[in-house]
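Residue numbers (full-length UniProt numbering), protein chains in the order written: chain E, 1 to 396; chain F, 1 to 552.
By construction, these hints were calculated from the structure, which means they are not laboratory data. Every value quoted in this text rests on a predicted model; they were computed, and no experiment measured them. Hints should not be assumed to be uniformly reliable.
To be verified - With a cut-off of at most 20 angstroms between alpha-carbon atoms, the simulated SDA-like pairs for lysine to any residue come out as follows:
id, chain 1, residue 1, chain 2, residue 2
1, F, Lys518, E, Ala325
2, F, Lys112, E, Pro249
3, F, Lys66, E, Phe348
4, E, Lys219, F, Val65
5, E, Lys359, F, Ser64
6, F, Lys511, E, Met99
7, F, Lys517, E, Tyr100
8, F, Lys464, E, Met322
9, F, Lys39, E, Glu300
10, F, Lys66, E, Gly363
11, F, Lys518, E, Asn294
12, F, Lys517, E, Pro288
13, F, Lys518, E, Tyr100
14, F, Lys99, E, Thr214
15, E, Lys256, F, Glu281
16, F, Lys303, F, Gly262
17, E, Lys365, F, Asp537
18, E, Lys219, F, Leu285
19, E, Lys70, E, Thr140
20, E, Lys365, F, Val65
21, F, Lys293, E, Lys219
22, E, Lys359, F, Ser536
23, E, Lys359, F, Ile415
24, E, Lys359, F, Gly147
25, E, Lys201, F, Gln286
26, E, Lys359, F, Phe61
27, E, Lys256, E, Met242
28, F, Lys293, E, His72
29, E, Lys256, F, Gln283
30, F, Lys320, E, Glu327
31, F, Lys446, F, Ile433
32, E, Lys201, F, Gln283
33, E, Lys171, E, Pro288
34, F, Lys48, E, Gly360
35, E, Lys365, F, Asn512
36, E, Lys359, F, Leu285
37, F, Lys518, E, Glu300
38, F, Lys112, E, Ile252
39, F, Lys293, E, Ala325
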Amino acid sequence: MSLISLSGNLLFVAFIAYLVGTLLFGGAIKSNKPDGAVNRADKWGRLAIIVTIIGLLAHLGYFITRWIYKGHAPVSNMFEFTTAFGMFIIAAFILIYYMYRLTALGLVALPVAILIIGYAAMFPTSVDPLVPSLQSYWLTVHVITAAMGQSILAISAVAGLVYLLKAVDPKKKSKSRFWMEAVLYFGVLVVGFILATVIFKGIGYEADFTYIDTQDSEKEITYYMPAVFGMNDSTLLTDNAMEPIFEMPAVINAKKLTTVFWAFIIGSVIYILVRLVTRRSILDMLHPLVQKVNLNLLDEVGYRSVLIGFPVFTLGALVFAMIWAQEAWGRYWGWDPKEVWALITWLFYAAYLHLRLSKGWEGKKSAWLAVIGFAIILFNLIVVNLVIAGLHSYAA
Amino acid sequence: MEKIICVCGHENPAGTKLCGKCGRPLTEEAKTSKILDMKYDGAAIRSKTRNKSIVDKIWNFFSSVKVGITLIIINLVAASIGTIFPQEFYISVSTEAQKAEYYEQNYGSLGKLYYELGLSDVYSSWWFQILVGMLAISIIVASIDRGIPLHKSLKNQRVKRHASFMKRQRIISEGAITDGDSAKTLNIVEENMKKLKYKVRRDGNALLAERGRFSRYGPYINHVGLITFLAAVMLRLVPGFYVDESMWVREGEMRAVPGMEGYFIENEKFILELHDNETTENQELQGVNVVAKNYQTNAKLYKQTEDSVAGKADNLELVKEYEIRVNHPLQHDGYSFYQMDFRLNEIKTMNFELTNKESGESLGAVSVDLTNPQDEYVIDEQTKVQLLGYYPDFSGFEDGEPQTATPTPNNPAFIFKMTTPEKPEGEVSFVAIQQTIEPNGDNAHKMEFQSVETRNMSGLTVHKDSSIPMLAIGGAIFMIGVAIGSYWNHRRIWVEQLEDGTIRLAAHTNKNWFGIKKDLDSLTESAHLPQYIDQSDDGEDEEKEKEGDSTL
Ligand code: HEM
Numbered sequence: 001m002s003l004i005s006l007s008g009n010l011l012f013v014a015f016i017a018y019l020v021g022t023l024l025f026g027g028a029i030k031s032n033k034p035d036g037a038v039n040r041a042d043k044w045g046r047l048a049i050i051v052t053i054i055g056l057l058a059h060l061g062y063f064i065t066r067w068i069y070k071g072h073a074p075v076s077n078m079f080e081f082t083t084a085f086g087m088f089i090i091a092a093f094i095l096i097y098y099m100y101r102l103t104a105l106g107l108v109a110l111p112v113a114i115l116i117i118g119y120a121a122m123f124p125t126s127v128d129p130l131v132p133s134l135q136s137y138w139l140t141v142h143v144i145t146a147a148m149g150q151s152i153l154a155i156s157a158v159a160g161l162v163y164l165l166k167a168v169d170p171k172k173k174s175k176s177r178f179w180m181e182a183v184l185y186f187g188v189l190v191v192g193f194i195l196a197t198v199i200f201k202g203i204g205y206e207a208d209f210t211y212i213d214t215q216d217s218e219k220e221i222t223y224y225m226p227a228v229f230g231m232n233d234s235t236l237l238t239d240n241a242m243e244p245i246f247e248m249p250a251v252i253n254a255k256k257l258t259t260v261f262w263a264f265i266i267g268s269v270i271y272i273l274v275r276l277v278t279r280r281s282i283l284d285m286l287h288p289l290v291q292k293v294n295l296n297l298l299d300e301v302g303y304r305s306v307l308i309g310f311p312v313f314t315l316g317a318l319v320f321a322m323i324w325a326q327e328a329w330g331r332y333w334g335w336d337p338k339e340v341w342a343l344i345t346w347l348f349y350a351a352y353l354h355l356r357l358s359k360g361w362e363g364k365k366s367a368w369l370a371v372i373g374f375a376i377i378l379f380n381l382i383v384v385n386l387v388i389a390g391l392h393s394y395a396a
Numbered sequence: 001m002e003k004i005i006c007v008c009g010h011e012n013p014a015g016t017k018l019c020g021k022c023g024r025p026l027t028e029e030a031k032t033s034k035i036l037d038m039k040y041d042g043a044a045i046r047s048k049t050r051n052k053s054i055v056d057k058i059w060n061f062f063s064s065v066k067v068g069i070t071l072i073i074i075n076l077v078a079a080s081i082g083t084i085f086p087q088e089f090y091i092s093v094s095t096e097a098q099k100a101e102y103y104e105q106n107y108g109s110l111g112k113l114y115y116e117l118g119l120s121d122v123y124s125s126w127w128f129q130i131l132v133g134m135l136a137i138s139i140i141v142a143s144i145d146r147g148i149p150l151h152k153s154l155k156n157q158r159v160k161r162h163a164s165f166m167k168r169q170r171i172i173s174e175g176a177i178t179d180g181d182s183a184k185t186l187n188i189v190e191e192n193m194k195k196l197k198y199k200v201r202r203d204g205n206a207l208l209a210e211r212g213r214f215s216r217y218g219p220y221i222n223h224v225g226l227i228t229f230l231a232a233v234m235l236r237l238v239p240g241f242y243v244d245e246s247m248w249v250r251e252g253e254m255r256a257v258p259g260m261e262g263y264f265i266e267n268e269k270f271i272l273e274l275h276d277n278e279t280t281e282n283q284e285l286q287g288v289n290v291v292a293k294n295y296q297t298n299a300k301l302y303k304q305t306e307d308s309v310a311g312k313a314d315n316l317e318l319v320k321e322y323e324i325r326v327n328h329p330l331q332h333d334g335y336s337f338y339q340m341d342f343r344l345n346e347i348k349t350m351n352f353e354l355t356n357k358e359s360g361e362s363l364g365a366v367s368v369d370l371t372n373p374q375d376e377y378v379i380d381e382q383t384k385v386q387l388l389g390y391y392p393d394f395s396g397f398e399d400g401e402p403q404t405a406t407p408t409p410n411n412p413a414f415i416f417k418m419t420t421p422e423k424p425e426g427e428v429s430f431v432a433i434q435q436t437i438e439p440n441g442d443n444a445h446k447m448e449f450q451s452v453e454t455r456n457m458s459g460l461t462v463h464k465d466s467s468i469p470m471l472a473i474g475g476a477i478f479m480i481g482v483a484i485g486s487y488w489n490h491r492r493i494w495v496e497q498l499e500d501g502t503i504r505l506a507a508h509t510n511k512n513w514f515g516i517k518k519d520l521d522s523l524t525e526s527a528h529l530p531q532y533i534d535q536s537d538d539g540e541d542e543e544k545e546k547e548g549d550s551t552l
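Produce the complete structure using the sequences and hints provided.
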């Protein structure tokens, strides 16, 4: 087996381990013993964490073998960075697990990591050569530290979600109930995106178009999903492919819009089916699982994760980033969108810490803030990389 | 200022919530609360005590954490606005009209609006800078306002506290010991807490175990770091502190370095290397066929000796020879040279052959060095070529006159006058690439193009930023402060043994209650203390939504 295919297989092993781990955590949570304290993690919980650790080791194996194969840290395209992010989330979860022995966290942390890795796998896994500005050990140091910081911060959102799963009453109409269901629905949409990509790739759908870009020049583009939205002034070149239903102006990337559309449709169909079959909201289904967790402890875990993650994030995403930018471009700060969004994330968590300190925003409010913080991190990962192109953009 | 005199006789400054000596609650609010606000126990905050003059009002405004948080959020939103469309410095057009057109063409009417509102250059707008300035003021004022009372309260930690103070802590325990000799209890507690790395002080039958007090200074240290950092950023405005110039140097050329008096840089060679991989899936998606591997300028930096004439490239001493690459700038004396841009294959020399059109016979070669074109190229006594006009970037005729778009030799054109034995009066010809125009239309000779010699040009930027050391210091202070404040916490455990031998215990930490409870678990077990309770845990599972001190 070549190094690169070994690497791919290890990632697959990790993925499966996380799936199994999720089920085991589900079993651990459902037991009648209350958990939330040091010595209460029961048999299932111990098994679950062991499987998770095996998954993490396989994941690390993927990372290291790919690193050796490429000769530099595998964090330089969307696939690589996002899988690494998933790995660090698991690592951060394990760290926090051993601090608090809170099994319930696994029930959310693992699915979050699974969705992230699944999302990552939808991007090309090719080994890309590095442009000169990325050939620096600061790339490794900066990206890995920043991703570690983000992952520890993400655990606060995990704790926040568990908190809200319990604290929000699925039987009572409220704003929190609506938004919690919306968050869960978003998770289903990610599944929709993964399925849409896998299905259309499976049937080998391809359609070539020419179109006119904003500079009035003719370009070519290939769609891998039926073109619901067409590029500006596009002409279909492939036989037996679908003609676009709507044509978009040049300022809009209709190909990406089409992907979002299919993810949305497939995700929504799944969501509606689940609701029709079970006759319950997703919140209602998950709510009973977490009845035994101690809200006070969850709140503290969330706060502690931000406290641990904030300095790491600052070091990686701001300090190391500035050192590298100074070395590569002669300026430590350039207001590039990716930089600005790192700053925004940082300011947001600073606001979180101050709100907690002085306004006593604890419990539910704090949990929501942690979820919003994670949303900002995901925005930085997805939207800023794919839509707002900048120096750091992996996909032009 | 008025003083508050506690029942215990201690005089406290106005605005104190808890007596500095015994800890009794002094305000109505503190007296009625179940759990005390312990942030500045025994000290008063300036902003809470004065609110008369305009200075007080401004002070109070900026010291408010509510205002501080609002400012953080406003800065956050303002920064995000600048990422909706690319900022002006990332688009490669220069005039205002071109910019307006760029935003409209690429982003439609929203783009136009964005440009017109000045959002395309948000970060240098006056209002954005004022917002950052206000944030800085808020950090300074709040830190002074709270830092001083905090320091006072931390220095003044009494061991013995009144029952009303102890009972209003979040974690309390009261009762008889569960086992052993109660006369030894305090000793056992002391020994135990010392093992857990607490500092223990005793006062009669009372004991205070304390750990990680220094961590309370963390936020203040990190705020000092932030302010140092922001001050360093402002230093850029001081003339000479900051140099940012760009320059083009052709291969074989030597140029004076802008912004760096007395220095010259020579470009010996520019190198572009490409990756030789097969096109990957990602490259295909992005429509790039080849990826650059290396941009490099082999450079020599020279310095003029003391006695030479400014600006003239003589009396030079070689200072440094260096291969400037991306991520590897040449550094000297606080200045750095970065590889930023390049242009390949700029025409350097054009070689012609003066030819007789009919016979095809050559009368001699003429080689025009575009950086240094001569007025006349003499082949022999009767044969010469005069250069009447040179247009480096020929862009067409205007009123019969050839025009040049730029001074860069992108599309060189010439007007030659050829003097030959056959035509001693001379023949005029306009020669451009792929194009020859003869005004009279019947020349006997022509300048036949033979070949070009090209060279590469390297774009370098020259930077000096004397604020970097201060920035680094600010950043380091911030990191140290934030680590201190996040990874350590201030734990206090008060224990008192009452007359009848029973124990009263109270515990407080500024964060990480889980951690202090672990300490207490071990203490409770080894000293046989009564089980503690967490007063905020009442009615476990009840939603926890404390409003907190909304005046802060
Ligand atoms: C970007 C800006 C800022 C950053 C990164 C920052 C950072 C921090 C951090 C990390 C803490 C410690 C929090 C904790 O341990 O939970 C803190 C505490 C604090 N900050 Fe800031 N801060 C900023 C701006 C401000 C502003 C504008 C104010 C003005 C009101 C302020 C006032 C305070 C106060 C009063 C504390 C509590 C200190 C204590 O515990 O005694 N900060 N800050």
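*Against which earlier hints does the structure fall short, listed by number upward?*
1, 4, 12, 21, 23, 36
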